[in-house]
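> Protein chains in written order, with this note's numbering: chain A, 267 to 1186; chain B, 451 to 702.
Everything labelled a hint here was simulated from the structure, so no lab data went into it. Incorrect hints may have been included.
As the list claims (entries may be wrong) - Cut-off 25 Å, straight-line C-alpha distance, at most; resulting in silico cross-link-like pairs (BS3-like, lysine-lysine):
no., chain 1, residue 1, chain 2, residue 2
1, A, 823, A, 363
2, B, 619, A, 823
3, B, 611, A, 823
4, A, 440, B, 557
5, A, 815, B, 619
6, A, 403, A, 947
7, A, 818, B, 652
Residues per chain, in single letters:
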Amino acid sequence: MNQNQNFREKILSRWAGWSVENWGKALLIALAITVILGFGIARLKMEMTFYSMLPDKSNQVQDFKEIVENFSYASGILVVIDGRSIEDPMKAEKTVKDVIDKLTLEYKKDIYKPYISSVIGSVDMSLFKEHGLMLTKIDDLERLKRSYNNLNLVPLLEHINDDFETEYSGNSDKLADEESQAVAQFKGLGELLKLIEYAAEGKVISDSELDKVLESYMFGDPYIMSNDNRMGLMIVQPSFTINDISLLQPGVDTIETGAKKIASEREIKAGLTGITTVGRDEMVTSGQGLAVSSILALVLILGLLVLIFRMFSVPLISGIPLITGILWTLGLSGLIIHRLNIMTAMYIVALLGMGIDYAIHLLSGYIQERDGGADFKTAVEHSLIKSGSGIITGALTTAAAFFTLAVAKNNLIKELGFVAGMGILSELFVMILMIPPLLAYREHRLIKKGKTGNRIFSKVKIKSDAASGIGKLLVKAPITIAVIMSLIIISFSLKAGDVGIQDNLLEMEAKGLESVHLNDEMIKEFGMAPDGLLIISTDLEEVRDLSEKIDKLSSVKSVESLADFYVSDKEYKERGSSLRQFIIDLDSVDPSSTVNTENLLEELYRLEMNLMEMGDMAYMGNMNRLVHTLGAITGLDEDGAKVEETSFDRLFLMLEDNIDIGVSPSMKALQSDIFDKMNQKIRTMASTDKISLDMLPSNIRDSLISRDGDSYLISISPTQNPWEGTYRDIFTDQMESVTDKGTGMILVGDQMNLMAQEDGRRASIFALIAVFLILVADFKNIKLAVISMLPLLSSFITLFGIMALTGIKFDFVNIIVVPLLIGIGIDNAVHINHRYLREGKGEMDLVIARTGTALLMTTLTTVIGFASFIPSIMRAMRSTGIVLSLALAIAFLYSVLFHPAILIIVNEKLGLNIKSWRKK
Amino acid sequence: MRKILISLLLLTVLCIGFLAAQTAQEIVNRADASFKVDRVFSTSSMTVYKSGEAQPVQEIESYTMQKNGKSYSLSIYTAPRRMKGTANLMIEDDLWVRFGSTGRTRKLSSSAKKNSAGGSDFSYADMGDSGQGLSEKYTPRLAGEETALGESCYKIELIGKNSDVPYEKMVVFITKDTYRYIKIDYFENNANIKSMTFYDYKTVNGTDYPFRYIMENHTKPSRTEVEVDVFETDSSRVQDRFFTTGYLESIR
């Protein structure tokens, strides 16, 4: 042992000596540590959703998390039944409704029990049928009272006409807002007209027939259908949330399989969307992305090593410690932070590219020693002392830069800093621990086979002076190179500020996901977007106040809340007395035994005209579903041309012909039945009993009241896709004009971006300071430390410029990894500095010749680690792969071209001292 | 001395503010002049695009007049077939609609002026209020200068003088050299809900008028384009008798 060795070198030397002689024991030590850390791996949870990455310091995020945990509504899985493949609209509607009914039954089977808490296939009208009038606002109640105060046929039609003329005439906005409701009511009205026609013909109308028609007219369609009725929607309330990682994938898969099976039996399609489904897709696609990236990175890196070293045992000698280092990182993460998210899991894959650098340095050193004629043991010892010292300093610098992420405000970035730092240290430690004994095992095998180890490496083809051409060029024209590089940097700096931020979370998901596609389809077909805003409140008065204000906003399609079911004491009194008077009024009207034909004709003519006018408005307002529904009743086609005979036409003929005779007995009977049945239904609806929250249908209660019963949810559906364009700002600005309590994935996504930008900036500044201090400590020269930072800073400017020019955006995944680049990107300049200080002035060509190839190799492996994300289907991973690979490639170019040129200019042309102050 | 200085400073600030307000008012008045012409007859084609898909082209004959300080406007649809004969009559805040399909006329409530006209992105108020000019109901404030549609413009904020105005705020862009409206942003609940842009200005009887304008709805995937085919001011085709419900009912 050399007496001049420092403490670190002595330890390395001793370890090299002992481990090559006791390679079995040394490997057992590594195995034992791996087994211990295996407990950590067993505790590790893979939380591969964006939800698991949400920042913890934002009120909006805290509200959102509370909603997800406490309201099953937020986890609702939207099952979209798509019957658009059926041409006949009537058949499509019927098939879709059949599938909804069948699927509602299917989801009651045992296999779904662990995953489903309730299913909403159609709207539960039971409460409305009993308390509908008490739940109606006083103005609307007075309107309904006017409509229903005389249920004899002619007055009933007269009041329906009055209502249409006051409510809808010339008001296409109202018609559009209430299109679904209006379609259902007009369908019921169309059926009622048919019954009147049949009665006019003398046919007897059965009770059940009339009951069905009146239900349809009074209460509408209970199914949630698209604008053209070819698609239907079901809501499955899962028993888990997006945060129940163990249930998320099997649960959503099972529900999805059921939906697709039942739909395919009727030859239509079904798909799932909503936050929970998107969460499952994130988990699956990020998992797939990571698997592909890991395999790709490992194969490429080890393949590269085989090519370079021409040594087929390299994949084992470097690959085993590399994977062991990964296992250690996973184990430590499991023991300390218990989880990996998309970002930290991606880092683990990237670690393959960084960890292998240590193996490259150690193996290169060993090979050079053997080529130089050293025996096996000496070669291992020397390589560990020479290369080991350097890589320890390098790794500590990088790890220190990573650990500075602990200054971040949010746990997400702290976790990344921890995993990244521990990853580097684990790889470093494992490489030093395992490569000497693995080389010894190889040597042992070669000797056993009768081969002499020291001749084996004659095959090694590392052309160590491959970069000498660049070195010569740098020495020849450092100023020209520095000026050219500076101009390039300045050009990119002009664009650097334009780099965009990805604020659409859906654009970060995998391309072609059904859940994301259905998100868009829902906006197009149902006129509502699944990703709206949510508000929680503990005060029902506030719920109503906010709901009413928000419902008036032009960017809001609909508001769902308990406001529709909340009646204050004052309102009870007001509505109660109005309803009691209504019952008295109903009692005062007797069923008429006659029907005035002339008046009936007049009201039917009026009704037809009202429906035609509403058809005109629907036509101009592009309300196709309404145009078709009204067209079926009035016999008008889209252009307003009369194309078929209708109940109206036949009734006009019959009634005009019989104007002197009067109506048929069947018509009188129908009038009597309508009177009785509607009277009965309205009286039931007019209950003045108090409505408590317990009386709400279970799906509404479960959706809008928290599990602990203390808070209430308001759900706001936007009119357009809230992720896209300027609409997002309009929606959120209008919401903020009413309340600042809104939350939802859009706002939470903004918080993620904000967090990433703020913490990313903060962590970057700290990482830069840490790296600068380490450089100052290492080189003991402030000028050299500053110069060494230049290529790194220039690479950032260039990266931002390229991103702005190519439209690559920062997102909350790739922006957070930027501070890691500081730790990685500085390495090359440090290596060049060390060599230049050793070789001296005028020797830059030698410096580049000796270090260039090694730097290229280590950069290449690191780039491979990050670039392995580029083929990933998840766009967040792909963009991270592109940004980081690009950044490292740029950093490499600046390190080997710009940095040496600056060193020559500063040290040799300007004569500034860059030597350590100790040596001055 | 200090008090005098402060007073002078305050006075200067107030004067500058007053002058700026005057300037904004003058700019809007000059731009409004194009729309304040009397007895205008025009024919135009209106196309509504829903989610980028063109709906049937609506062809409209319009008549406007100012009389005794009142604004009158009548729009009659001549196409498509389904809308032929449908007409809107506005006299100040009163609005009537005549349906072509039934021949019936309905008086709408004054609040209906904010509703969409013919399924387009224009409200009845957008279509009928132009004769008065924007300065009538809004207080202007110069908000700076900006380039809009490639033209150097004054940017002026118009705040509703009372709560009856259709929009709480508008931001208008008026060209600095020709005092033409280039763009109007309409605001509701702090958000720009739709924008109208003006193109193809032509001079008719010494008045500049846009022969093409587009209303883009920012809360719905919809936009409406209007192409003016004929534009006449002081037109003999505009007759007082047109602006009565009796005439409305007689339209065929």
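> Hint by hint, note whether the structure agrees.
Taking the hints in turn, this is what the structure says about them:
1. With a C-alpha separation of about 24 Å, the suggested pair residue 823 of chain A and residue 363 of chain A falls inside the 25 Å cut-off, and the hint holds.
2. A C-alpha spacing of about 22 Å is found between residue 619 of chain B and residue 823 of chain A, which places the hinted pair at or below 25 Å, so the restraint holds.
3. With a C-alpha separation of about 29 Å, the suggested pair residue 611 of chain B and residue 823 of chain A falls outside the 25 Å cut-off, and the hint is violated.
4. Between the alpha carbons of residue 440 of chain A and residue 557 of chain B the distance comes to roughly 16 Å, so the proposed pair stays at or under 25 Å and holds.
5. With a CA separation close to 19 Å, the supplied pair residue 815 of chain A and residue 619 of chain B stays within the 25 Å bound.
6. A distance of roughly 19 Å separates the Cα atoms of residue 403 of chain A and residue 947 of chain A; the hinted pair therefore holds under the 25 Å criterion.
7. Taking the CA atoms of residue 818 of chain A and residue 652 of chain B, the gap is about 39 Å. The hint is violated against a cut of 25 Å.
When the structure is compared with the earlier hints, violations turn up for hints 3, 7 and for no others.
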